Structures are given as structure tokens and as C-alpha cells.
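Read off the chains here:
There are 2 protein chains.
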Amino acid sequence: MGRIVQKFGGTSVADVDRIRHVATLVKRQLDQGDQVAVVVSAMAGVTNGLVDLVRRIAPVHDAHEYDAVVATGECVTSGLTALALQELGIPARSWHAWQIPFRTDDAHGRARILGIDTDTLEARLAEGQVPVVAGFQGLGTDGRTTTLGRGGSDITAVALAAALKADRCDIYTDVDGVYTTDPRIVAKARKLDRITYEEMLEMASQGAKVLHTRSVELAMNQRVRLQVLSSFTGASGTMVVDEDEIVEHQVVSGIAYSRDEAKITVIKIADRPGVAARLFGPLAEAGINVDMIVQGASEDGKTADLTFTVVKGDADRALKAVNALKGDLGFAAVVHDASVVKISVIGVGMRSHAGVAAKMFQALADRGINLQAISTSEIKISVLVAEEYTELAIRALHAAYGLDAA
Amino acid sequence: MGRIVQKFGGTSVADVDRIRHVATLVKRQLDQGDQVAVVVSAMAGVTNGLVDLVRRIAPVHDAHEYDAVVATGECVTSGLTALALQELGIPARSWHAWQIPFRTDDAHGRARILGIDTDTLEARLAEGQVPVVAGFQGLGTDGRTTTLGRGGSDITAVALAAALKADRCDIYTDVDGVYTTDPRIVAKARKLDRITYEEMLEMASQGAKVLHTRSVELAMNQRVRLQVLSSFTGASGTMVVDEDEIVEHQVVSGIAYSRDEAKITVIKIADRPGVAARLFGPLAEAGINVDMIVQGASEDGKTADLTFTVVKGDADRALKAVNALKGDLGFAAVVHDASVVKISVIGVGMRSHAGVAAKMFQALADRGINLQAISTSEIKISVLVAEEYTELAIRALHAAYGLDAA
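Note that the protein sequences, when read in sequence, are chains V and A.
If you read the first sequence in numbering that gives the first Met the number 0, its first letter stands for residue 0, the second for the next number, and so on.
If you read the second sequence in numbering that gives the first Met the number 0, its first letter stands for residue 0, the second for the next number, and so on.
Note that these hints are calculated values from the structure, not bench results.
Please read all numbers here as calculations on a predicted model, not as lab measurements.
Heads up, a few of these hints could be off.
To be verified - Quick look at which bits of chain A chain V covers, simulated, 3 or more residues with Cβ under 8 Å: (1) 75 to 88; (2) 95 to 103; (3) 349 to 359.
Said to hold, decoys possible - Residues from chain A that face chain V, not an exhaustive set, calculated with beta carbons under 8 Å: (4) Arg-19; (5) Leu-49; (6) His-63; (7) Ala-67; (8) Thr-71; (9) Arg-92.
Stated by the list, open to error - Derived pair list, reagent style SDA-like, types lysine to any residue, alpha-carbon separation capped at 25 Å: (10) V:Lys-26 to A:Ala-57; (11) A:Lys-311 to A:Val-334; (12) V:Lys-26 to A:Lys-26; (13) V:Lys-358 to V:Gly-401; (14) A:Lys-311 to A:Ile-245; (15) A:Lys-26 to V:Gly-280; (16) V:Lys-267 to V:Ala-331; (17) V:Lys-26 to A:Pro-58.
The beta carbon of each residue, even a glycine, is placed where N, CA and C say it ideally should be.
Work out the full structure, taking the sequences as your base and the hints as a guide.
Spelled out as C-alpha cells, the structure:
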């Protein structure tokens with residue numbers, strides 16, 4: 000007998016029929032003799048509708064009230080899902096964060112989990128009851144409802160799986176697993192049976208949308224075995240596991256891309272020690288994350304061009320911050336380009352294989368694609384290219400690393 | 000400086016614009032130097048939508064989960080209303096039942112209030128903060144969210160006004176007060192400036208929909224001064240007050256009607272002691288409320304016809320219960336008629352005036368309207384007539400008692 004946490008996302012509980020179907024998926028797991036705890040998101044579209052109401056009333060709003068309003072979507076689905084389970088003769092009840100309690104700090108809108116009191120849930124699981132926990136929400140130390148931010152219900156599920164020492168946390172969604180790359184771009188993309196936490200984390204941070212980085216990070220730190228699978232097909236999905244569970248690695252497991260990049264180039268900035276610190280210090284203070292950084296070669300020995308990327312939403316603030324330094328740093332100009340895409344090849348196999356980067360650069364050069372920036376980590380190589388090459392570049396790399404399905 | 004509880008119904012918080020308008024009504028009260036606590040219903044249509052989801056998933060459902068789902072509508076509006084107040088520079092925060100706590104028993108779906116912990120709310124009011132309380136909901140002794148049943152948010156408001164010893168409880172709705180009768184039927188109907196608790200209670204139980212009996216009863220018992228007024232017009236409404244606050248009474252204050260009646264006649268039932276008890280006992284045991292009862296004269300000295308009314312929704316069950324007694328009681332037949340309406344004239348002035356009933360019967364007889372049943376209380380006379388006479392009868396009575404506006 001195992002213990003499984005099943006999490007169902009917004010499209011999986013989008014309407015009454017989908018919720019009934021979710022109940023059958025829970026039943027299927029119970030019929031295997033497992034204990035099951037369920038975590039649900041709000042019905043697809045509901046949270047956005049609530050956020051919209053909040054923004055229309057108060058464009059700049061009190062995060063306490065934002066949380067009080069938007070957390071209600073999950074309260075609704077947890078109750079409805081408990082009812083659907085009861086209809087199948089399964090003892091079930093809904094749990095809102097304050098009832099468990101699922102405790103967080105007071106950072107409303109992006110709360111951090113402090114702890115989950117599992118005594119009552121454990122007792123109910125032992126009695127055969129299925130707890131249906133409202134995802135995305137917590138109880139702050141201020142006694143008010145908090146929300147966990149983007150990917151919140153996944154985080155709820157992973158944290159609950161860790162607290163309950165579950166054997167697995169199944170993340171049900173509308174795709175049937177993690178793919179070698181986006182199947183909308185590469186028809187020959189393959190579903191991965193397994194992927195390591197580290198690879199999944201890089202995939203998520205480099206643009207893959209199936210899981211949010213924070214939930215993968217939490218799963219990795221708490222050693223929660225994650226499965227990503229579809230609530231629509233019923234097929235087995237992708238397991239996210241420890242590296243030592245995978246016997247033989249592909250050199251490259253997947254290719255991610257992100258269109259959410261803006262490139263900023265500071266032209267003819269003094270080429271001397273300390274300049275980079277004086278440029279990036281103020282950006283960091285403004286809360287702007289700088290991703291890739293490339294310093295061009297100095298032609299005159301005195302100045303060089305410096306290029307870096309930020310997410311598109313931060314571009315205006317970054318430009319403003321850099322321009323404010325002009326008098327101090329004495330560069331010639333700042334230009335910016337949002338028509339770029341970041342493409343990343345990811346694989347733990349890179350650690351033990353040479354030539355991975357060379358193969359990437361060659362494949363792109365063969366298609367005449369210019370690299371505007373490069374960054375690497377132990378298991379990832381990212382390049383910045385003009386947006387118009389997105390599909391061409393991804394297809395070329397997918398083939399080059401032997402990822403195409405037969 | 001006074002203290003006012005303002006309650007806003009579903010149409011008053013139906014959308015973002017209406018919620019903004021509600022905030023201005025709160026501000027207007029604060030600007031008069033009063034402390035204000037707000038109670039809100041769910042946005043119009045939201046509760047029905049949630050009830051519909053519950054029923055589609057589970058036609059016969061666990062009342063705990065029903066409450067968990069349907070109580071969320073008020074959580075949303077309390078947050079949104081707090082935000083709208085903050086936008087006007089007013090310190091405000093939402094309160095859900097479990098946070099106060101607003102304690103009830105565990106009768107989910109129709110919970111009774113046990114008590115309201117007001118210490119924190121008192122402290123916030125003293126600081127000038129406006130509490131915006133989610134109506135309709137409570138915290139059961141089982142630690143779960145309950146709902147109070149029909150008219151729930153009015154009950155929340157009255158109970159809160161009592162607990163906070165408020166000077167007045169203003170019930171904002173989409174009509175501008177209590178009328179002498181339904182203005183859709185009698186164009187000359189007048190808004191009442193004042194009405195006694197007893198009259199309001201009779202109006203509500205006899206079919207007037209502006210307030211639910213349970214909230215009026217609570218207000219009467221707790222001596223909470225109620226005002227019914229419109230959130231749309233901003234005009235002063237109708238005060239519901241103690242009888243001694245009204246110097247001169249109309250003999251009749253208002254005329255109510257209810258189409259929700261079904262008439263059941265037991266033909267040729269034995270005319271001997273104990274028969275009525277054996278007939279109505281089983282109905283009471285089945286939870287069916289019998290309203291009007293008329294025993295016809297016995298023609299043969301042995302049997303008579305017995306007529307009574309129940310609400311339309313109970314008619315089928317009542318017929319079944321009566322038919323089951325046929326062998327025991329030996330009546331000839333049971334017939335039923337749902338094409339009836341109950342019309343009631345109400346006024347505390349009746350106590351000191353003779354001839355009120357005679358005037359009613361004469362006015363109806365003059366129009367050729369036959370009375371199928373009559374019942375009276377100290378401050379009310381009700382008659383049952385054929386449904387087709389509804390408007391004619393009400394207009395005749397409105398004129399006969401001098402209620403028509405000049």
C-alpha cells in the first residue's frame with residue numbers, strides 16, 4: 000500500500016464533467032490499495048476572473064484583500080471535488096488552508112510555506128477518507144488567507160506530499176508529460192519517461208511551462224518523486240526523479256525556449272575594472288534580474304559594448320536605470336531589442352560529454368543563425384538569437400542531438 | 000457619534016461599479032461622524048451559480064460541502080468592498096466568519112448563531128477601520144464553514160448590529176423601503192416611513208419579500224433598529240421600530256399577498272372529536288406546515304368538509320399523507336387546488352379598532368370575490384381567494400383602507 004498525492008490543475012477541473020472524471024482518477028488510485036490525498040486548482044478561468052475584478056476595483060491593491068478574494072476559487076473546487084468523490088461512494092472532505100492549517104508567512108501574494116499540521120489529515124487518511132485540499136492558499140501568521148503565487152497549487156501538492164511522506168506526487172494537467180521540446184514547434188518531439196530534478200528545473204527556468212521552478216525546487220529539496228501526467232488521456236506521464244534512478248542518460252534531454260527576453264546593449268562603455276559592478280549594482284537594487292551578460296571585445300582598448308538580457312516586463316525599468324548612470328559611467332548610448340528568443344539545450348549528460356556546445360553552435364551556424372549572447376551552466380547551454388529563427392533553431396537542435404522520434 | 004451596520008444585498012454589489020457606489024454610501028455615513036461596520040451578500044447571481052454547480056455534481060449532497068462552496072461568494076464581495084473603500088482612502092478590511100469568529104451551531108445549510116466575538120472588531124472600529132463582514136456564513140462548532148439559510152446576510156447584519164450594540168442596522172437593497180403593498184400591482188402604493196417589528200414580521204411571513212422573517216424576528220428580539228432602503232436612489236427608507244416609537248397608527252399599514260399556497264379539501268370527513276388531531280398530527284410529523292384551516296358546516300350532522308392550506312412545494316407530500324389516512328378516517332375524497340392566493344391586511348391599529356374584518360369582507364364581496372378560507376391574528380386578517388382575483392382584491396383593499404397615495 001502506497002500513499003499518493005494527486006494534484007489536478009485548472010483545465011482538469013474546468014467543469015462539472017471534468018470534476019466527475021477527476022473523481023474516477025482518484026478512485027482508480029484507491030482501487031490499487033493506495034491512500035490518496037487530493038489537491039485542486041480553481042476551475043480554469045476562475046482565478047483570472049477574480050484577479051480581473053480586483054484590478055478593476057483597485058489597480059494598486061492591498062495584497063491581503065487580493066488573497067482573500069482570489070483564494071476562493073480553490074475553495075469552490077475542493078468542495079465540488081469532495082462531493083464528486085462522495086457520489087462514487089468514497090469518503091471525502093474538503094480542506095481549506097485555515098482548517099488544516101497549512102501555515103505560511105505573511106508575504107501576501109507570494110507566501111512561503113512555514114509548515115503543515117498533518118495530524119488530522121493522517122488520522123483521516125488512516126480511516127480511508129480522502130482529503131481534498133484547496134491549492135494555492137495558506138494561513139498567514141497574521142491569521143489571514145495568503146496565496147503562494149504562480150504555480151501555487153503545484154507547490155501545495157509537493158509540500159503536502161513531503162509533509163505526508165507520500166510515495167509520489169502526481170501532477171495532473173492537460174499535457175501528458177514533459178517533452179523533449181514544445182510539440183507545437185517540433186512534430187517529432189518525444190515524451191520523456193524520466194527526467195532528473197536538475198534537468199526539470201532548468202527546463203522550467205528556461206521557458207518550459209509544464210511545471211513552475213518553485214515546485215520542482217521544493218520537490219528536489221524534499222526528495223518528492225513527481226509525476227507529470229494528463230487527466231485527459233489516462234496514460235502514464237513523465238517521472239521527475241533523482242539522477243541515480245536514471246541508468247543511461249541522453250547527452251541532451253530537452254530543448255527549452257523563452258520569448259520573454261529583452262536585450263539591452265550599452266554602447267562604448269569604459270573597459271576598466273569596476274564598471275560592471277557600477278552598472279549591475281543599481282539594477283539588482285531595483286529588483287531587476289539580469290540573465291545573460293556578454294562583453295564585446297574592445298576595439299580601441301578603452302571602451303567596449305556590453306550586452307545583457309532581462310525579462311520583457313523589466314525592460315523599461317532597466318533602460319531607465321541604465322540611462323540614469325550615463326553621467327557617472329560615461330557610455331555613448333543604450334539600445335534595446337525585444338525581438339529575441341533564448342534557446343537552451345539541457346541535459347545532465349553534458350557533464351560527462353565534451354563537444355555539446357560545439358555541436359550546438361555548428362548546427363545553428365549551418366542555418367546561418369547568428370548568436371547574440373551565450374550563457375552556460377553545468378547542465379545547460381543557452382543562446383540568444385533573433386526571434387524570427389525560433390522554430391528553425393529549435394528544429395535544427397532537436398535533430399542534431401538525436402531527439403527526433405523515429 | 001453613532002455606530003451603524005450597513006448591509007448590502009446582491010443587486011447592490013452586482014458588479015464593480017455597484018461596489019464602488021457602495022463604498023461611497025459607506026463614506027457618506029462615515030462623514031457624518033459615525034462608526035460603520037459593513038455586511039455584504041454575494042454578487043447577484045453568484046450564489047445561485049454555486050448552488051447549481053453543487054446540485055449538478057450531487058443532487059443529494061453533503062451539507063458541509065454545500066456550505067464550503069456556496070459561502071465563497073460572500074468572501075469575494077467582502078474583499079472587493081474592502082478594496083473599494085481603501086480606494087477612497089478609508090481603512091477597511093474583509094472578515095470571513097472563521098476570522099471573527101462568527102460562531103454558529105453545526106446545522107449546515109441553516110445554521111443558528113451561537114455568538115459573535117466582537118473584541119477585535121470593537122478595537123478596529125475604535126481605530127477608525129471599517130470591518131467588511133462576509134454575510135450568510137458562520138463558523139460551526141465542528142470547525143467548518145456553515146451557512147445561515149435564506150435571508151442569511153440580513154441575519155448576519157442584524158446579529159452583528161446586536162453584538163456591536165449598533166444604533167441602527169441599514170439594509171440596503173434594490174427597493175427604497177417597505178410599501179403599503181406591491182407597487183407593481185397598485186400604482187398608488189406608498190412607501191411607509193415607519194413600521195413596527197410586529198407588522199414587518201407579518202408582512203414578511205404573509206409574502207412581502209423585502210425582508211426575511213428570521214432577520215425581523217432577530218431584530219425584534221434584540222431590539223435592533225432596522226432601516227430598509229435603496230442603494231440605488233440614496234433616499235431615506237423605511238424604519239422598522241418599536242411600537243411605542245410610532246405615535247399614531249394607521250388601522251391597516253399594509254397589504255401582503257402570497258401565491259405560494261395550495262388548498263387541500265378533505266370531503267365528508269367524520270364530524271366528531273379527535274378527527275382533526277388524527278388528520279394534522281401526521282402532517283406535522285412529516286414536517287408540513289399547515290397554514291389556514293376551515294371546517295365547513297356539517298349538513299348531515301355526521302360528516303363535514305375540511306379545508307386547509309400548505310405551501311405549494313408541500314402539496315404533493317400533504318396529499319399523500321392525507322390519502323394514507325383514508326382507511327383510518329374514512330372520508331369520501333381529497334381534492335386540491337393550487338390556483339389560490341392568500342391576501343392579508345396587516346396593522347397594529349387593528350387591536351384598538353373594530354370593524355376591520357367587516358370592511359375587508361365587504362370590499363371583496365362588492366367585487367364578487369368569494370372567500371375560500373379566513374384566518375386572523377391579533378394584527379392580521381388573511382383570506383384565501385381564487386388566484387385570478389389577486390390584483391382586483393389587493394386594489395380594492397388598498398383603497399378601502401385609505402392607503403392610496405394622494
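Evaluation of the provided hints:
{"no.": "1", "hint": "75 to 88", "in the structure": "holds (count 9)"}
{"no.": "2", "hint": "95 to 103", "in the structure": "holds (count 3)"}
{"no.": "3", "hint": "349 to 359", "in the structure": "violated (count 0)"}
{"no.": "4", "hint": "Arg-19", "in the structure": "holds (7 Å)"}
{"no.": "5", "hint": "Leu-49", "in the structure": "holds (7 Å)"}
{"no.": "6", "hint": "His-63", "in the structure": "holds (7 Å)"}
{"no.": "7", "hint": "Ala-67", "in the structure": "holds (4 Å)"}
{"no.": "8", "hint": "Thr-71", "in the structure": "holds (4 Å)"}
{"no.": "9", "hint": "Arg-92", "in the structure": "holds (7 Å)"}
{"no.": "10", "hint": "V:Lys-26 to A:Ala-57", "in the structure": "holds (17 Å)"}
{"no.": "11", "hint": "A:Lys-311 to A:Val-334", "in the structure": "holds (14 Å)"}
{"no.": "12", "hint": "V:Lys-26 to A:Lys-26", "in the structure": "violated (53 Å)"}
{"no.": "13", "hint": "V:Lys-358 to V:Gly-401", "in the structure": "holds (12 Å)"}
{"no.": "14", "hint": "A:Lys-311 to A:Ile-245", "in the structure": "violated (36 Å)"}
{"no.": "15", "hint": "A:Lys-26 to V:Gly-280", "in the structure": "violated (45 Å)"}
{"no.": "16", "hint": "V:Lys-267 to V:Ala-331", "in the structure": "holds (5 Å)"}
{"no.": "17", "hint": "V:Lys-26 to A:Pro-58", "in the structure": "holds (20 Å)"}
The structure fails hints 3, 12, 14 and 15 (numbered hints given earlier, in ascending order).
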